[in-house]
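Under our numbering, residues 5 to 631 are what the sequence shown spells out, in order.
By construction, these hints were calculated from the structure, which means they are not laboratory data. Small disclaimer: the values here were computed from a predicted structure and weren't measured. Treat the hints with care, as some may be off.
To be verified - Straight-line distance between alpha carbons at most 30 Å, and here's what the computed DSSO-like set of lysine-lysine pairs gives: (1) 79 with 250; (2) 265 with 220; (3) 26 with 50; (4) 36 with 50; (5) 148 with 220; (6) 148 with 79; (7) 250 with 303; (8) 154 with 243; (9) 450 with 384; (10) 23 with 83; (11) 23 with 46; (12) 154 with 84; (13) 161 with 79; (14) 83 with 143; (15) 384 with 343; (16) 161 with 148; (17) 243 with 85; (18) 381 with 303; (19) 17 with 79; (20) 83 with 265.
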Amino acid sequence: MFSPSYYRRCQCKGPLKDKEGKPLLDTEGKPKIGSIGTTCPKLGPKHGTWAFYFELEPGEGGNRQRVRLGGFAKKDDAKKKAKELYDAAMAGTDVLSDETCGDFFLQWIQAKKSLARTTRHGYEEHINNYLLPHLGHIKRRDLKVRHLDKMYDAIEKENAERILHRLRVDQLQKDRDEAHRAWVKAAGKKEARRAARRAFLDTNAALREGRKGLRKVTSATTMHRINDTLSSALSWGIKREQAFAKNWAQLVELPPVTRPKPVVWTPERIEHWKRTGEKPGPVMVWTPELTGQFLDFVKDDWLYELWHSFIFLGPRRGEMAALPWTEVNSDALWLRISKQIVEVAYELYGEAPKADSVRTLSLSLESADNLASFRSKQEKKRQEWEDAYVETGRVWTHENGEALHPDWISRRFTRLVELSGLPPVRLHDLRHLAATLSLLAGTDIKVVQEKLGHSSRQITSDTYTSVLPEMMRAEAESVMAVVPRDIPFKVRTPLVIPESAWQGDIAVFFAHGAQRSGDRWTIGAQTQPDSDVLGMITLAGRGQDDAANAAVKWIRDHCTANNLELVRVENFSDRYPEEQRAVFSLTRFTIVRAECPDLDGWAPLTGPPPARARTTRRAPNGRRKSA
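Model the full assembly from the supplied sequences, consistent with the hints where possible.
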């Protein structure tokens, strides 16, 4: 039963007395002096503070448990705090514990036995660099959201100081570089060169001194990760020991974080980069043309097949570094991602990836041939190095067989991009590129999700897909095709699609328009620029848009009348030079036969599915061989 007692007390000192009011004496017979607390004669409205105590259920062994707290200016404040502590105690919180938050955080991280190595390393960094310095001294039972707010305020204040420090270092760097240039220019001038050299040495020493204590700025993203670590710790404490009344980390307001969107290297952005050296964004993606140029540039590199795999399969660097030959089957066209190499403080550790990242990737014939080719190269190097060759069983290795360090793979890729002269992308950006190329090829987002090893398609859609200009154009034209426009036209020659234009149930052809005189346009359908005209219309139009809309309506009417389905419309008019776009238009159409096979032809399945048929593939020496 909650029955607290409230009383006044002060910090005054004086002669101590026993319960009968007699003075307490020391060994020399003198009165003992100490805190007289509740017996101070001055206690009253203007002297002393309010305190309370209440009893809890006896602990182990019947030990008495009394909650006592004081220092309240008003009795109402004491009552409010007493009720708060009582409710927390009834909920299971150990309100008598003197454990600090620092001790709690260390206990929490030691108890987390199943954390991945990189996750544990990140948690420990957050604890050592932020949580212990700012919250470690606070008693666990006293932790509130205001303490977290003060921590993040202190981090932002430190950030301001670190930014100023970095600006000073940048200025010292410029001074050092300027002094070095002056030293080089003074060649042949003895006295001037000696003075320039001394100035360079002085500025270089100042730069070294200025760099001392330089620390990274704690970004908003890092603050969110720190808060996630704190939230995980508090949730564990609540579930396990009712150590906190609430998860205070969930009540903190932090600066918003916007995930950087992948940006495609368009010609305009490349020109800006060449002129200024500035990247349009932190995450950049090559177009298919730039990707082809990079592959052509690295075709003679020892790890060409690795770069090819990154681009078309989209693995993580740790997954490629750990891939063993036992998980590759180039004949059945698959490889299995079941291991990864993680780096912690440049030390390497092998561990299993997350459950969603364990996956089997299907290989194209070219990718399978690349793996076979690289295995042949490895075998040649094994013979050349003889006993000095390092046997690791890994797919991707150095020429002497040593395993690749994930960080070395990133640095090697960065160097190759620099040598190629192409606009820069990071190695991890190739995952964006792989997803984008798959979507451009029409692959379903669910398949791309499984290819990249994500837990949900939302992550794949939000994070690892960017929109190439080709996709934007196809989308725009597909949207245009959905909305029919009533552009009057006259059929000069009815459209006839010959059987030779069909590839199975699919036909692809173009509608090419040209302005004749005034506003008169003529549009003809052809499968190729030099092929026979399949049909022709004329119209009075105001420009390319009217010509394209008339062509769409013409083809849609033809499909409706002939039981065909228009599945895609692509406007290629922007491929004309600027000066010709006003008088020419070009639109590509993809149609399919809408016929459905007889339902009686579908028999129930009685056996296992047939094995995937393979016709031919290239051998490592470039020849074609039978499957």
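Here's how the hints hold up against the structure:
1. 79 with 250: It holds: about 26 Å lies between the C-alpha atoms, which stays within 30 Å.
2. 265 with 220: Since the Cα atoms of residue 265 and residue 220 sit roughly 23 Å apart, the hinted pair holds (cutoff 30 Å).
3. 26 with 50: Holds, at roughly 28 Å.
4. 36 with 50: holds, 27 Å
5. 148 with 220: Holds, because 28 Å separates the two Cα atoms, which is no more than 30 Å.
6. 148 with 79: OK: residue 148 and residue 79 at ~22 Å, within 30 Å.
7. 250 with 303: Given that 30 Å is the threshold and the Cα spacing comes to 59 Å, the pair is violated.
8. 154 with 243: holds, 26 Å
9. 450 with 384: violated, 40 Å
10. 23 with 83: holds, 28 Å
11. 23 with 46: This hinted pair holds, its Cα atoms lying about 19 Å apart.
12. 154 with 84: The given pair, whose Cα atoms are some 24 Å apart, holds under the 30 Å limit.
13. 161 with 79: violated, 38 Å
14. 83 with 143: Roughly 21 Å separates the two Cα atoms, so the pair holds.
15. 384 with 343: holds, 26 Å
16. 161 with 148: holds, 21 Å
17. 243 with 85: At roughly 24 Å apart (the allowed maximum being 30 Å), residue 85 and residue 243 satisfy the hint.
18. 381 with 303: Since the Cα atoms of residue 381 and residue 303 sit roughly 14 Å apart, the hinted pair holds (cutoff 30 Å).
19. 17 with 79: holds, 23 Å
20. 83 with 265: violated, 53 Å
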